[in-house]
Each structure stands twice: as structure tokens, then as C-alpha cells.
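K.L.:
The listed protein sequences derive, respectively, from chains X and F. With this note's numbering applied, the first sequence corresponds to residues 1 to 1063, in that order. With this note's numbering applied, the second sequence corresponds to residues 1064 to 1517, in that order.
Keep in mind the hints are simulated off the structure, nothing from the lab. All C-beta atoms, glycine included, are put in the ideal place defined by N, C-alpha and C. A couple of the hints might just be wrong.
[Claimed, not checked] FRET-style restraints, in silico, Cβ to Cβ:
#, chain 1, residue 1, chain 2, residue 2, range
1, F, G1416, X, K280, 34 to 42 Å
2, X, E706, F, S1236, 32 to 40 Å
3, X, N953, F, D1369, 54 to 62 Å
4, X, Y481, F, R1072, 28 to 36 Å
5, X, Y949, F, L1426, 53 to 61 Å
6, F, A1466, X, G271, 26 to 34 Å
7, X, D281, F, L1426, 24 to 32 Å
8, F, D1216, X, E706, 30 to 38 Å
9, F, D1369, X, N636, 53 to 61 Å
10, X, G444, F, D1344, 32 to 40 Å
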Amino acid sequence: QERTITGTVTDEDDLPLPGVNIVIKGTSTGVQTDFDGNYSINANQGDVLVFSFVGLKQAEYTVSNNDQIDVVMEADSAQLDEVVVTALGIKREKKSLGYATQEVGGEAVSDVPQQNFVNSLSGKVSGLSIKSSGTLGGSTNVVIRGNSSLTGNNQALFVIDGTPVSNLNTNSSDQRSGRGGYDYGNAASDINPNDIASINVLKGAAATALYGARAANGAVIIETKKGSKKKGIGVSIQSSLTVSNADKNTLPEYQKQYGAGYGPYYGSADGYFNLYDISKDGTLDESTPFTEDASFGAPFDSDRMIYQWNSIYPSLESTYQEASPWVAGENDPNSIWQTGYTSINSVALDGGNETSSFRISGTHLNQQGNLPNSKIKRNSLKFSGSHDFTDKFSAQTNITYTKTDGKGRYGTGYSSLNIMQQFRQWFQTNVDFAEQRRAYEATGQNITWNPNSPSNLSPIYSDNPYWTFFENYETDTRNRYFGNVNLTYEFNDVFSLLGRFSFDTYDELQEERINVGSADIAKYSRYNNRASEYNYDLILNFNKDITEDINLDGNVGFNLRRNERNSIYASTNGGLNKAGFYALSNSASPLNPPNEYEMTRMLDGVYARAGVGLFNTYFIEGTIRRDRSSTLPSENNTFYYPSISSSVILSNLIEADWLSFAKIRGNYAEVGNDTDPYNVFNTYTVYAPFDGAGVASNNFTLKNPELKPERMKSYEFGLEANFFDRRFGFDISYYNSKTEDQITPVPVSTATGFGEKLLNAGTIENKGIEVALNINPIRTDDFNWNINVNWAKNENEVLKLTDGIDNLQLASPQGGISINAAPGQPYGAIRGTDFVYDDQGNKVINSNGYYAKTPNSNYIIGDFQPDWIGGIQNTFTYKNISLGFLIDIQEGGNIFSLDQWYGAATGIYANSVGTNDLGNPIRNSLSNGGGIVLDGVQGDVSFNPDGTYEVTNTSSNNVRADYSTYANPFGYARAPNAQHVYDASYVKLREANLTYNFGDKMMEALPFTRASVSLIGRNLWIINKEIPYSDPEAGLSSGNVQGYQSGAYPTMREIGASIKLNF
Amino acid sequence: DEKYEDLNRDPKNPTEVASDFLFTAATVSLGDYMASPNVNEPLYRFLGQYLTTTTYLDEPNYDFTARQNPDAVWSEYYRDVIFDLQDAKRIVMENPDLTQAEIDARLGQLEVIEVYTWHVLVDSFGDIPYTEAVQADEFPQPKYDDDAVIYEDLISRLDSANTLLSAGNGYSSADVVFGGDMDKWMMFANSIKLRLGMRLQDANPGLAQSTVEDAVADGVLMSNDDNATIEYQSNDPNTNPLWEDLVQSGRSDFLISETIADYMNDLNDPRRMVYFDENVDGYIGGDYGGSNNYGSFTHIGDPFLDPTREGILLDYTEVEFNLSKAADLGYNVGGSAESHYNNAITASMEYWGVSDSEISDYLSQPSVAYDGSVTQFATQFWIAMFDNPFEGWSTWRLYDAPALNIPSDSGSDVPLRYTYPVDEQNLNNTNYIEAATAIGGDDTQTPIFWDINE
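Build the full structure now, drawing on both the sequences and the hints.
P.N.:
This is the structure we're talking about:
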């Protein structure tokens, strides 16, 4: 029966240890010691109490008759007991590993819970690059040790309790390259942060070799919380509520001095206004140039009465046919941002008996977006159970069901469904968006500031944003089941057999709407997708101490993986007949055939691993795996790959008091990889018939019946050490990996009849250094200060493509730039038009005062790879209070801003007004003393056919460039693309939390065994960044197209509170 | 392994189709590109200065880089048209259900569309990949051939096509141009030959004359009933591309250009009633290449807003203009330069539904009555090519008339050719540099070989 066990925990010097974690083994039930090292916990006889404290050896004590258990914890000089979960769920002693892994506890993602737990890992693991796209429920790019594949998947693999879960997104290629669409997020976000017990990041190919190719990008191994074999039911509750608001630093700042227009191009005397008889008094009135989505118009003048958008809609009775003062809109677009909130509530029950245990948890997440009519809801249920049938035969299962519903996700990219397209690129500063809201709310119509004309009120480019929110919204729902069943049979102390079936299956529906009356063609589309993955594993494990000094262990296994996908996308054609009715049957024109996709792919693999440990000091292991894949041509579909890794515990060889632990490690690994289905045989695409005649065309891609597997070769060295009773420690790795024979759709001259050809082409090299530091500057009875530093520098270079192909374009988004892979360049080189520089590096300026620019857009003007990334986590503990904060840093990398590219031309930003060297407004015409003198030199430029150029006759520049219209020096009309390539560096206060743990005395008065409350914050402060008006992290979607912003959303600063209770 | 390989065959996309499917697809694609006003496509309606835009000015100002139009032109013609046609040839030749005569006739139809497309490519760029083109496995980086040499080959291919077309019955339901009327296919082939011959009038007068005379002897289009057009359908995606950008898009981007409005106003041309809308008082074209307010300028006429409006590949009007010039040059084509000139204008006006009396009034105007001047001839030819804008642009290039406007915003000269695609610089660089050097620089002001200023 349950009893209260008490005791004191001390160190070897007999000093009491506060903050020692005491957990009943196999459960999440636990307590901490108080300042005097005392603890009290309810446990049953037979329960095992696990005592752990950083830097000390973990200790276990079984509860017997005695109600008092005093514990002396020893310094952990060799970290002998630390066990981590590695590939395929195999548990290993960390010291024996010859490769880098880095663990974080479940609290890293559950203390400040996120809709997508992956975002919480940013800055916490060295070499793990996390970048979220910045939209509600949007996807997160997770890359470990750089991009290793040219066009394939570069995302890390997620494995939950042994079940592989893909992190791919189902976003369209248009969405991913900035052409518009919604970011539906990626699959890892279906994992509930409160269920996570620990996360172990396997970084290199040697660490993941047994998973085969799919984990060549590294793997994130997640263990969830499990029940314990104790009687009685434990209950834990966690609740958090965060509110979010847009960080003003990541929103545009608008100029308030000039209104609508591209310049003085219209009918009025000053050229800034159109003339229509809007008041119907028989005389022409000055009216806003409604069609012009720019703000290079007339200077504001509150005495000047202009007929504006609100004067032409008869349904706006109070302002119809009324002029209004020509002033900046009182409520600029930033006023539309609302406070959003996220609540996450979860309850978990766990319990068991001598032979069984279970844990069941339910979580409800409700996220209200920061734009009207946007929200995400997620409900998940998770069950874990285990049962020992006999001493030798046991079963375990984990099953999770998640239902996610989204509504009003934010439109992305260059699309009218992305309201940031108007707010960052194309709009009129004279518009008051609170008035736009009232107009929509009062009429329910798309009353836009941007109609065709006073007589044709339909929108020309931009809709009323509130119309977009409430009429042109998407909805989506995803039902997902994943989990596994494990059967283990232990033949004896040496051999055991594991059989595992795991599954991950989801079906989703994404519905998109554009109502009649929008600028875009009315539309309803639906995308039904069903995807499944099944894995069958059989693993024979052995572990034998041959002598006291020699240990042998290993595994032999078989894996069969089957992936299925079945999807259909259908859309109305040519508009909708009935407004507001969203069904395929409402299509204005006959439907075109839906797009169907169906595939099954299979891969079977056999593998073996064997390791030897000598004197608990020298470790060596080797693996080999053979895969056979259905996606490769049958002659080439079988491939083998090996790995070997080794470690030596140096601290066992060096006697030194100051050295707590030291290990050196090294490995070499190869990993083979297959490809996507349908890359072998050429096919035709069949289209809707033309007047009854069948229509088919060849595909864009020339397939290849001679493909062979890709191969990644990597080596790695590492050193980890701890000093002075673990007051200081580091883990440093150097790695080098080359991915060769990449299966790449290589673009070819379209004069070949194809746009691209699939080849085994291309090698990418990633090499880098990762450092993790752990510093414990202050450790006293009451006060503890811990610093974790993660730093990683990855150098990425495309070594070669195929002969004759000197560039691989990954995407060519709007704006005339492209994202590329080219030999000698890092993956993700940004190409576009560049400035022209003279020998001294000065920008050359044309005789009209504008920058000279290159004639072609294939000049390299940046790349999206950062120089390094890092994070600094500080944790202060004083008595029952702990304070933690995380600084997250990226240095270098570039981003092209389409927002600035267009916005500089439309004159919406605050930096487009000011005075020049003469003290005149820069926007005055040149004849009126306006314009600006650009930095640079005058000179003559002559270009050669190969793109090089010579600059001659340079002289100082004193020509003022016209700044009075959209064709100013900085906008898309005149500037080179390079003008709007920005440094993507940032320093952020990413996360902070302040936690109070209720002490024992208070606990006695409360019905809890453990309780804590926390104040939490995320994205609190961008300490430093270079790009104006946006967050350098904001992007389009996860995937290979990064370094580009179009209609970027602001970053949400989240502040909230969370409470954890255990009964 | 066999089971694994079967999994790798796409159940939703076939590995073989009938050649009919490809012939239809290629022909419709060609028609789409010739007709489209879209700023992402070939920009013929701007190159001919028939249309201009309201706000977005890059394309009417001949900025080819913003949307990489040359890349689009290149890939559309090579990949979407020529490759599908060549693939169709391969398939039809292996079709055991057809007689040799049926196969030959089909090859002839495929060949005519292919030659047409090749000539559009040459006329757009100059030297282009030809002998090594569309063979991805063998020539991933095809070399460029000399444009004049390609022209000679195209002319001889049309001779062979004529023989093939006369062999028997070709495609009928898959033939969206003539519905299987082989006589009209032969007239179409000869009319293309007439066009090519006329292009050579300055560059290679001897070949020009023999080509034109051969074509006329073999029989060119005789009336508007013979026009080579694509009958677009009322439902997307088979509509005229004009409808997609002017009507379906719901946008208000395109205006009649002042270039054509001014010329037609000067001539008091009755076709204005058809070409132009009556949305403002009089016919006021937008400032070519400048910022224009949509409501203040003339829009395109109603017939062009019809999704089923036919797309013109080559029409009888053009044939008569070519015959007029041929007669003027002393080629043996029958008739006089003046009679063909009058026939041409009459054919155009009849096509657009202008009444007989208006036609005769127009022809009798001093400014219109045939005077033998190149300017008058080319102006009339250009006006008549309003809905065949590629030919309108080519007319201006060949005859250096009528004078077109310098676009207001950029001040760029009207292009004489497209620059080569950016992708060629990246993907086929060695051959690109060779070709750029051979033609005298990859610039819009480098003329096509037949564009010799006299």
C-alpha cells in the first residue's frame, strides 16, 4: 500500500543537496528535495526511487519496510549510467557512442508549450536549425547540419516511441515558391508537447545509419511519458494560457505625408487626382486614383477635400458622394492586428500493478489567431500501456489520436489572399482600415479602396481585408493516428527479440474559398489526402559480458516499410454561380478533371550492428544495412552501406581531480538513399479534352530508367569533457559529409523538349563544428546558476552538378530573383540583378543619378546559409524559484525582400520620405529641388557577353536622382535586386520563464504531490536585426526555398502563464 | 523485384497515348501563345503596339527580365509544341492500324504546325538550336544553328509536307484547325511558304522569288474561309486566351494603345468599330508604355471578349498583302500589286463585318488608295494584323513601317528580336555565347537575318 517515504539527500561531503529530482521509476511522478535536502514522496513497497542531480551519479533505491531513505549521492566521474535512446529505439550507454547526440528533457518543450513543439527547440541543440514560417499554425523548417540534398527532403526525421513520423508538409509547390497558397503546417506539429518525456537529437549519418536513408538528415528521437507499475492512479494536470501580440519591430512603419498614386499621372491640374463627377453636380471632382495601389501621390493637406473610396459606394450612405480631407488614414494597416491567445490544457492519468502499467492523456489546444476569423484547434488522446505476460515476454503499446482543425490560416506569398501583400507592397496610405472594417461590417460587401472606377466598383487588385478574412477563408481538418505495438521476448540475459508494428496514418481535407465579388476569380477547391506509413520491425538483440573487461553487444534486424498516399484535388472552374455557396457543383464552367495522385512505395532492409567494449574504456561498433527500394529501377534497387564508430573514455586513462569526464569519439558512415516514386518511367499528362478531342502532353521532367541510389559519406570527430565537478563542460564535434550521386531533376535548356532531366548528379558537402558548453558558475545551497551554450557553424558547398550544368535553380519566385545551387557556391545562392561596382568597390551611378545595374539577373547577390547559429540558455534557481531565458542567435545569411522591392516603389514605408542635402523634401520633383544624391561614383560601364564589365571614367557623383514617383532609385522599377537583399542575422530573446515550485510545507496543505506555476514568454524581444520592418526568420514555408520574403507576417510576442499539478 | 517495379508505374498518368492527343495539345498550345495578351507569355500585342497597360508597365516597355518572357517563349514553343509534335510523329509511324497513306497525311499535318513553330522561333530570336534540338538524351546542351540556314531547311520541309498531305486522310477530329480538310492544309503549308519567302525579299532575293512563286503555283489560301484558325470553346481551359486575361481575370490592365488608335483615327478606319470599345468619347488610345487610367482610354472591342473568338495562325488577308508586295517586286504571282492590296484590305474588312460601302469608301480615301509606298502598304498590313500580332510586329520589322512609338516609361527602342532566355545563359552557356556572338550580340536591337534596313 502507499506510504509516505521521507529522507535527506546529501553529497559525499555530507552537504545537503537541494533540488534533487526524485522520481518513481517508470512514472512521471516525482518530487524535489528542499533547501535542506529533505524530501517526501508517496510510494508503494517495491517501487524504485530514482535520485538524480546534474553532475552526480544517478542513484536508485527500492522502497522496503523502511519509511526513511537517506541518500548520499556520488560525483559522477564517468557518467556510467547515462542511457540514451538511439536509432530504432535501441537504448545505449551514452559513453559508448562514437557519434554526437544531444538530449533535452521534455520540459524544454513543455515549460513554454507551443502549438508546434518543434519551435521550442530553437537554440537549444547545437547544429539544429529551426525556422518557422511565421503564420498561424505554419510549418517549421528543421535542418540538422545543413542541407545535404539538392532538391530532395532536407528535413530531420521525427521518431516517436519508435514510430517514424514524417515532417513533410503538403503545401503546394506554388506556396513553397511564393506564388500564393496556405501554409498548412507540417506533421510534427501533431505531437503534443506535454506528452514528451525526452528528446534526443541524433545528428550525423553514423548515428542514424540503422534507419537507413530517410534519416540521413539526422533524427529527432522522442520518448513520451509512460505509466508506472505501481498501484493507484497518478493524475497530472498542466494548463497554460498565452496571449500574443504582433511585435511592432516586425511590422511596417508607414509614411504619413503622401497619399495614393504612382506619380503625377492623372487628370487633375497637379496630376495627382482623377476627375469624375462624383457628387453629380455637373462639375468634375478631384477623386483618388482608386486603381493605383501605391502612395506616390499628392502630399497630404487637411484643407484639401477629395472624393475618396468612401464616396463612391451607394451603400455607404453617410459618406456617399461626400468629399473628405486629404489626410493619412487614421488607422493604418497595423491596426488590424488583434490579440491572439493559445490555451493548452492537458490531463494525464497513470497507474499500474506489478505486471502492467498505463498512461492516458488528453490535451486540448485552442489557438485564436491574430487576424480576424482565424483559429486552430487540436484535440489529442494518447494511450501508452505495457504488460508483462511472463518474466520473459512483455508487450507495450503507444497509440495517439490527434484531430486538428484549422480555419482562416493566413494566405502566403504573392497572392491577394495574403493581406500582407497589400500591407507591405501595394496600398494607399490615405486609407483608414478601421473605416474599411466598418464598411464591410455594415454592408457585408467587398467595399475596397481599390475599385476599377467610380462606375465599376468591382475590386481591381486588392480586396477589402475584412472581406478576405470573412469570405475568402480556408478550413482544414486532419485526423491522425500513430503508434505502435511492441512485443519483447527475453530468451536469457544475452538474447532478446523485439517485434514491432508501427503505423502513422492521417487523412486530411483542405478547403479553400474565394467568394463572388473578390478581385480573384471566385473559387472553391478541396484537397483530400490520405497518407499512411507502416513499419514492420524484427530485431534480435544480444548483450554479453565475456569477461569483466570485455562486453559484446549487437543487433540483427529486418525492417519493411510501406508508404501509401492517395489524394485528389478538385476545383471549380471559371467562377461560382451562387455567391457564398461552396460546392464543386456550383462551378460556373464545367469542372476540369480533378488532379489525382496515388502511390505505394516499399522498402525492405536488413541490418546488423555489433559493438565491443573493453575495460569500460574503449568502444568500437560497426553497422551494415542492405536496402531494397521500389522507387529505383529494378537493376539498381538494392544497395548496401556501412558505418563504423569508436570512442575512448580518456578520463579513465588520466588521473586528475579536475577532470570529471572526458571522451574522444570518431566515426565514418555511408548511407544510401532511394528516390521518390515515378522517377523512372516517362509519362504523359492527360488534360481536359478540346471540343471532344483528347489532349495529352509530355511532362516537364525527363525520367531516367538508369537511376542508381544516392550515397552520403560522412566522418566525424568529437571530444566531450567535464571539469571541476562538472562546473564546466563541453562537447565539440567536427563533421564532414558529402552527398554524392544525388537524384536531381537537373534543369536543361528547354530546347531539349524538357525542362529538366532526372540524373544522378551533384555532390553537396557540409562540414562544420558544433560546440555545446555547460557552465555552472554558481552552485550554493540556495542559488544555482547554469548556462548552456550551443553554437554551430556549418559550411555548405555544392561541389558539383553534372557536366555542363553550372547552375540548378531551386525556385524563381516573383521579383526576378532565383534561389540556386551552383558548384563552388553554398546551397541557396540568391541570384538577381546586381549593382555595378568600380575597382574600388564603389557603386556606379548612371548620368541620371540612378544606380547602374547589371543587364542580366544571374549575378549572385547573396545566399541563405547563415555563418553560424547559436543559443545561450541561462537558468537561475533560488530556493523554490527558477528563472530561465534563452537568447537565440543567427549570424549571417541573406534574404531577399519582395516586400521592400515593391514597397520602395509604391512609397508606403516611412523611409521613403525625408529631406535631401538641400533641405527640401526628397519627393519634390527635381525641378522643385527634390531628389537625392546616391552614394557612389559616376562612371561609364561596358558589358561583355559573358556578363563581366568594365567601368571607366569614374568621377564623384553629385547628380540628384528623381524621387518623385514610383520610378525612384530604390523600387523595383529602377533598382537592382541586390538593393533589397538583406543580412538575415538576428539576436533574439527567444524564451523566458519564471517558475515557482510549491514547497513541501505548502504541499501538505494542498491536495497535490507536486505543483508549480510559471510565467512564460516567447519571442519577447528582437535584440538585433538588419532587415527593416520584418523578422528575418519569416519565410514562406518549410522546405528548400528559403531566403525570400513576400508578404511576410509579423512575429507574435507571446506572454502567458502555466500551471502544473500532480496528485 | 517485379512487384516493386510495378509499384513504380504511375496509375494516374499513362506511359503511352495516341498521337492524336499530342497533335491537338500542340496545336492548341501554339494557338494560345500566338493569341495571349498575358504579360507572362510572348508579348506580341505589345511588340506590335496594339495594346498597352494601365499600371504595370514593365512589359509594354519591353523589359523582358522582370517576367523572363524569353524563357517562356522558348519553353512554350520547344517543349509544349515542337516536342509533342515530334513525339506524335514517332507514335503515328508505329501505329499498325493506319495505312501508309494515312500515316503520311498525319505526318504532313504535324510537319506544317512544326515548321510554323520553328519559323516563329527563328523570327523571335535569330539563331536557335535546331539540328540538335528536342533530343534531350543525346544533346542536353544543343548547339545553335544559323537562322538563314534554318529558313532554307524549313522551306524545303514545306515542299515535302505538301507531298505527305496529298497522300490521304489525316487527323480529323484531332485537327482543331481544319477538321481534316487536307486541301486546306496544303493551302496553309503553301501560305506559310509564301510568308517565309517574303521574309527573305531583302536577305536572299533569289530564294525569296523562287519560294514565293512555287508557293503561289501550288496554291495558297483563297478566301477567309480558308483561314488557319483555332476554334476556341466556351469552357475553360479551351477558351481564347484573350478572354482569360480580359474577362475571366476580372482585372483592368489592358488598353488600346495610342499607336494603333492614332493611325486608325487618321485613316478614319471603319474597323475601329470592331477593334475598339465605345467606352469613352471617340477612340483614345492609352499612352504607349506610360501610366494610364483605365476609365479614361479606349478598351478593346467586344468581339475580343468572346471566349470562343477564334485564334489566328495565318489568314487570307496576310496572303493578299504578301502577294501585293510580291507583285510589286516583280515576282510572277498573278495580279497587280494594287489589286492584291485592295483584296487584302477588303478581305480584312469583310472578315470583321465591315459593310461593302464602307469598304469602298475606305479604299477610295486618298490616304488609303494604293500609292505604291512602303509606308502605306506596311501601315495597312499592320492594321489588318491586329489580331495576329506576331505578324504585325514582323511586318513592322520587315518594312520598317509604320513608325511605332518609343514606350514612355523606359524610352527603350522597340525590340527587333527577343533576347535569349536567361536559362540559356545558365544551362547552355557555351552555345549561348557562340550564338550571341554569331548574331552580333544578344540584344533586342540585333536584327533577325532577314530584317535588313534598306
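K.L.:
A separate judgement is required for each hint: does it hold in the structure or not?
P.N.:
Results of checking the hints against the structure:
1. F/G1416 - X/K280: 34 to 42 Å: holds (38 Å)
2. X/E706 - F/S1236: 32 to 40 Å: holds (38 Å)
3. X/N953 - F/D1369: 54 to 62 Å: holds (57 Å)
4. X/Y481 - F/R1072: 28 to 36 Å: Cβ of X/Y481 to Cβ of F/R1072: about 29 Å, so the range 28 to 36 Å holds.
5. X/Y949 - F/L1426: 53 to 61 Å: holds (54 Å)
6. F/A1466 - X/G271: 26 to 34 Å: holds (28 Å)
7. X/D281 - F/L1426: 24 to 32 Å: With Cβ atoms ~48 Å apart, the hint is violated.
8. F/D1216 - X/E706: 30 to 38 Å: For F/D1216 and X/E706 the Cβ distance comes to about 33 Å; the hint holds.
9. F/D1369 - X/N636: 53 to 61 Å: holds (54 Å)
10. X/G444 - F/D1344: 32 to 40 Å: Since the Cβ atoms of X/G444 and F/D1344 sit about 36 Å apart, the hinted range of 32 to 40 Å holds.
This entry does not satisfy hint 7, going by the numbered hints stated previously; all others are met.
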